[in-house]
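When we follow the working numbering, the leftmost residue of the sequence shown carries the number 1, and every step to the right adds one.
Among these hints, one or two may not hold up.
Subject to a maximum C-alpha distance of 25 Å in a straight line, what follows is the list of computed SDA-like cross-link-like pairs (lysine to any residue) [unchecked claim]: (1) Lys-282 x Met-189; (2) Lys-50 x Asp-219; (3) Lys-173 x Glu-194; (4) Lys-50 x Asp-144; (5) Lys-134 x Lys-274; (6) Lys-134 x Glu-186; (7) Lys-31 x Glu-127; (8) Lys-173 x Lys-61; (9) Lys-136 x Ile-292; (10) Lys-193 x Ala-286; (11) Lys-274 x Glu-186; (12) Lys-282 x Lys-136; (13) Lys-195 x Asn-156; (14) Lys-117 x Met-1; (15) Lys-266 x Thr-169; (16) Lys-274 x Ser-260; (17) Lys-173 x Ala-92; (18) Lys-65 x Ala-104; (19) Lys-134 x Lys-216; (20) Lys-134 x Gln-150; (21) Lys-195 x Tyr-184; (22) Lys-134 x Thr-227; (23) Lys-282 x Arg-164; (24) Lys-173 x Glu-183; (25) Lys-65 x Lys-50; (26) Lys-216 x Arg-138; (27) Lys-212 x Glu-127; (28) Lys-266 x Lys-216; (29) Lys-274 x Glu-194; (30) Lys-136 x Asp-121; (31) Lys-61 x Gly-8; (32) Lys-173 x Ile-292; (33) Lys-103 x Val-124; (34) Lys-136 x Asn-110; (35) Lys-136 x Met-1; (36) Lys-136 x Glu-241; (37) Lys-173 x Tyr-112; (38) Lys-136 x Asn-120; (39) Lys-117 x Leu-26.
Honestly, the hints are just simulated from the structure, not real lab data.
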Amino acid sequence: MIIIKMQGGLGNQLFLYGLYKELLFLGREVKMDNNAGFIEDPLRDPVLSKLGISYDLAEDKEIRKMRDSYMDPLSRIRRKLTGRKNKDYYEALDGNFDETVLKADDIYLNGYFQSEKYFNDDSVRQELRADICKNKERYMSESDVADLRQEIANANSVSMHIRRGDYLTPVSKETYGGICTDEYYEKAMDLVKEKNPDARFYIFSNDIDWCKEKYKDTDNVSFVSLTGDDSDIKEFFLMSECRHHILANSSFSWWAAFLSAADDNKSLNIVPSKWTNTRQMKDIYASWMTRI
1 MIIIKMQGGL GNQLFLYGLY KELLFLGREV KMDNNAGFIE DPLRDPVLSK LGISYDLAED
61 KEIRKMRDSY MDPLSRIRRK LTGRKNKDYY EALDGNFDET VLKADDIYLN GYFQSEKYFN
121 DDSVRQELRA DICKNKERYM SESDVADLRQ EIANANSVSM HIRRGDYLTP VSKETYGGIC
181 TDEYYEKAMD LVKEKNPDAR FYIFSNDIDW CKEKYKDTDN VSFVSLTGDD SDIKEFFLMS
241 ECRHHILANS SFSWWAAFLS AADDNKSLNI VPSKWTNTRQ MKDIYASWMT RI
């Protein structure tokens, strides 16, 4: 059996689900641990069920056996004497594709595994897109997004994702800061306009007020600002329906672009040439992306 530790936000959870689907395709018995990854991350929860996605959950006894986390007195004494005999396997330190992950068995996978190479089979990718969009029409038919969805469909639309908020905290800034700069977005917008003079930019952000001030004098720009419990999912689907994409170094915009990249081989999907400051992450990039 393979157990995957579910963790992170929507985009990271989708990467883990993509790996899950590929392992099933390869004939493995694979389940998810839906608890451990959120114990120390109280701001996040498993959210893929909101998309209509389901997966097999590992039982507590299966997780304890795999991680040698039995809490009985004898097990505690044994671990003190001989050490923990767990089967944890962590993703590569550089964040790149590790083929061992697809070949190993009897293992507990801990990481984010952010690469399309972990779901390389075409049929798996098609299933992923279908799974993610199971509940899409329900969200997109709601009154707060229906008109905007139609507007995006009628325009030569460009989603522009600006990640601030949590990316400005000291720990996150060390990893993600200084990459998607003002210069990056300016250069990306110029590249889009060079090829699409009629482009209209739809800005999505976790700090939309800052964006409104920053781009208040910019032509052909709209600001997407939804509220409510499911606003992030609605914005995710709206992003995916844009024709072109300017991504942040964020798995959220990665997946929004992934959903639409297969529908239009003329689309521009612009990404920063560096994803993080601390890891190489070359395999997070896909053939349908343009790095600047």
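Next on the checklist: Check whether the Cα positions of Lys-136 and Met-1 lie no farther apart than 25 Å.
Outcome noted: violated, 32 Å
Checklist entry - Are Lys-117 and Met-1 close enough, with their CA atoms no more than 25 Å apart? => result Distance of about 21 Å is within 25 Å: holds.
Checklist entry - Given the hint that Lys-134 pairs with Glu-186, does the C-alpha gap stay at or below 25 Å? => result Measuring from Cα to Cα gives roughly 35 Å; hence the hint is violated.
Item to check | Proposed proximity, Ala-92 with Lys-173 (alpha carbon, max 25 Å) | outcome: Within the cut-off at roughly 22 Å; holds.
Checklist entry - Does the alpha-carbon distance linking Lys-274 and Glu-186 stay inside the 25 Å limit? => result holds, 16 Å
Next on the checklist: Hinted pair, alpha-carbon criterion (25 Å max): Lys-173, Lys-61. Please report holds or violated.
Outcome noted: violated, 38 Å
Next on the checklist: Check the hint pairing Lys-103 with Val-124 against an upper bound of 25 Å on the C-alpha distance.
Outcome noted: holds, 17 Å
Next on the checklist: Does Ile-292 sit within 25 Å of Lys-136, going by the straight-line distance between their CA atoms?
Outcome noted: violated, 31 Å
Next on the checklist: Against the 25 Å threshold, does the CA-CA distance of Lys-195 and Tyr-184 hold or violate the hint?
Outcome noted: holds, 17 Å
Checklist entry - Is Lys-173 close enough to Glu-183, meaning Cα to Cα at most 25 Å? => result Distance ~17 Å between Lys-173 and Glu-183 Cα, so the pair holds.
Next on the checklist: For a C-alpha distance cap of 25 Å, please report whether Lys-266 and Lys-216 respect it.
Outcome noted: Not OK: Lys-266 and Lys-216 at ~29 Å, beyond 25 Å, violated.
Checklist entry - Between Lys-274 and Ser-260, is the straight-line Cα distance small enough, at 25 Å or below? => result holds, 22 Å
The structure is inconsistent with the numbered hints 2, 3, 5, 6, 8, 9, 12, 15, 19, 25, 26, 27, 28, 34, 35, although it conforms to all the rest.
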